[in-house]
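Participant: In case you want the letters, here they are:
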Amino acid sequence: MMNTLLKVDKLSKNFGDLEVLKDINLEVAEGEVICIIGPSGSGKSTLLRCINQLELQSGGNIYYNNKNIGNKDHDLRKYREEVGMTFQNFNLFPMKSVLKNIMLAPVLTKRKSKSEAEKKALELLKKVGLAEKAHSMPSTLSGGQQQRVAIARALAMEPKVLLFDEPTSALDPELVGEVLEVMKTLANEGMTMIVVTHEMTFAREVSDRVIFMDDGYIVEEDIPEEIFTNPKNERTKTFLSRIIGDENE
Amino acid sequence: MDLSFLNVLFPMLLRGFKVTLMISVFGIVIGFVLGCISGYALQCKNKFAKFIANIYIWIIRSTPIIVQALYVYFVIPEITGIDLSSNTSGIIVIFLNSGAFIAEIVRGALEGIDPGQKEAGLSLGLTPFQTLMHLIVPPAFRSMLPALFNQFIISVKDTAILSIIVVNEITKQIQNYAALSYNTIEAYTAGAIFYMMIISVLIIIQKQVERRIK
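Protein sequence lines, in the order shown, are assigned to chains A and B.
Position 241 of the first sequence, counted from 1, bears residue number 240 in numbering that gives the first Met the number 0, the numbering being contiguous throughout.
Position 193 of the second sequence, counted from 1, bears residue number 192 in numbering that gives the first Met the number 0, the numbering being contiguous throughout.
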């Protein structure tokens, strides 16, 4: 059994009267790839944002390497260096070139020299297949290219865990593949990943475990084969039949 | 046309220009700093800072600048016992006034930045301050430049009000000349043209800066 890297314990989150997350328990082992699926508004993204502490939970705890990240003496900034995140809308820095987008954080937070950071950034761009775009501005790139730059930017911090918040939801269908391809490569290299996604084929092929969320709860979690061929919960069944029905259209 | 009146008026305008320039530069620079701080306070989470900034802006926006000038020049020394020269009072009026309007410009620009930028910065391990300085301020500054220049121009013209508290700026000089010479038409026409020349220079600088940034 691999080390547990992340542990979410009885997590809850309210926005005013609205309960978005209810009693969430989740353990993520080193090198594990987890896909979170479920209908819109089920709390998938909020869970991811809580893990990165972009939203603060209303109750429960999150442990990283057995340390409670909510403790006052815990260095949240350092934690975020190790737990990277990519967003649905990429959130590239529009006034900076692709290269500078990737170099910014390593130079600022890891005190890397510019040449060192640039070398690493170019390597990463090559890895995501965008070496020739190093000096382009983000606005000149397609959505798929922007998301690949965002992944390279997150990788530049050499994270231990990568969180993907619907990385392909804002993309034109023909651009989804190139992003998933990069993510597949990362998964094969042993990166620990939590992916909120609507890409069922990806979830089925790449993940070690699939989590189905609905109405703020984790309704079902299992290996992909079980979830997709033999879902136990009625809500999982309904959701999957609707989604997979769509995919076959 | 006889322009010989300029032999007397022009040196007066130049003396006034020096004062106008000095007050504008100090007033706008300090006002810019004050406006940035207040504008940041307006949209931050600290309720106390927000409250103070709102009170300040409310006072400035709800009183005419001429009343502010009279208040700073006559009332503040009476209350505090600190004697302010008319030039110092002038600078205070301009920076207090421009600061309030710049604060609103800054707030709007900061609120116009996609919150995803801040989240991306934080998620990369940047501190909130690094996120602000590297990711929020540069695009916010770019987007607020036109409004900012507009406010600078208004502030330069607002210095004319300070003639009422005997600041010897351009308008005061024009009034002095008109009173002495009775050449009312010449005095105020030349004065207006002089202002137009100064503001035109500012407008040209604004266009250049905006073009360069694009």
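Read the hints as simulated data drawn from the structure, not as lab findings.
Since the structure is predicted, the reported quantities are computational estimates derived from the model, not experimental observations.
Where a beta carbon is used, it is the ideal one built from N, C-alpha and C, also for glycine.
Fair warning: there could be bad hints in the mix.
Listed next, the stretches of chain A that the computed footprint assigns to chain B, with coverage defined by at least 3 CB atoms under 8 Å from CB atoms of chain B [stated by the list, open to error]: (1) 23 to 32; (2) 83 to 97; (3) 127 to 141.
DMTMM-like, lysine to aspartate or glutamate: derived pairs with alpha carbons at most 20 Å apart [claimed, not checked]: (4) A:Lys125 with A:Asp74; (5) A:Lys109 with A:Glu54; (6) A:Lys95 with B:Glu118; (7) A:Lys66 with A:Glu81; (8) B:Lys44 with A:Glu54; (9) A:Lys159 with B:Glu118; (10) A:Lys99 with B:Glu118; (11) A:Lys9 with A:Asp22; (12) B:Lys117 with A:Asp22; (13) A:Lys109 with A:Glu131; (14) A:Lys95 with B:Asp113; (15) A:Lys6 with A:Glu220.
Participant: Are the hints correct? Go through all of them and say.
Facilitator: Results of checking the hints against the structure:
no.: 1; hint: 23 to 32; result: violated (count 0)
no.: 2; hint: 83 to 97; result: holds (count 9)
no.: 3; hint: 127 to 141; result: violated (count 0)
no.: 4; hint: A:Lys125 with A:Asp74; result: violated, 32 Å
no.: 5; hint: A:Lys109 with A:Glu54; result: violated, 25 Å
no.: 6; hint: A:Lys95 with B:Glu118; result: holds, 16 Å
no.: 7; hint: A:Lys66 with A:Glu81; result: holds, 13 Å
no.: 8; hint: B:Lys44 with A:Glu54; result: holds, 15 Å
no.: 9; hint: A:Lys159 with B:Glu118; result: holds, 19 Å
no.: 10; hint: A:Lys99 with B:Glu118; result: holds, 17 Å
no.: 11; hint: A:Lys9 with A:Asp22; result: holds, 4 Å
no.: 12; hint: B:Lys117 with A:Asp22; result: violated, 28 Å
no.: 13; hint: A:Lys109 with A:Glu131; result: violated, 26 Å
no.: 14; hint: A:Lys95 with B:Asp113; result: holds, 15 Å
no.: 15; hint: A:Lys6 with A:Glu220; result: holds, 15 Å
Going through the hint list in order, the structure does not satisfy hints 1, 3, 4, 5, 12, 13.
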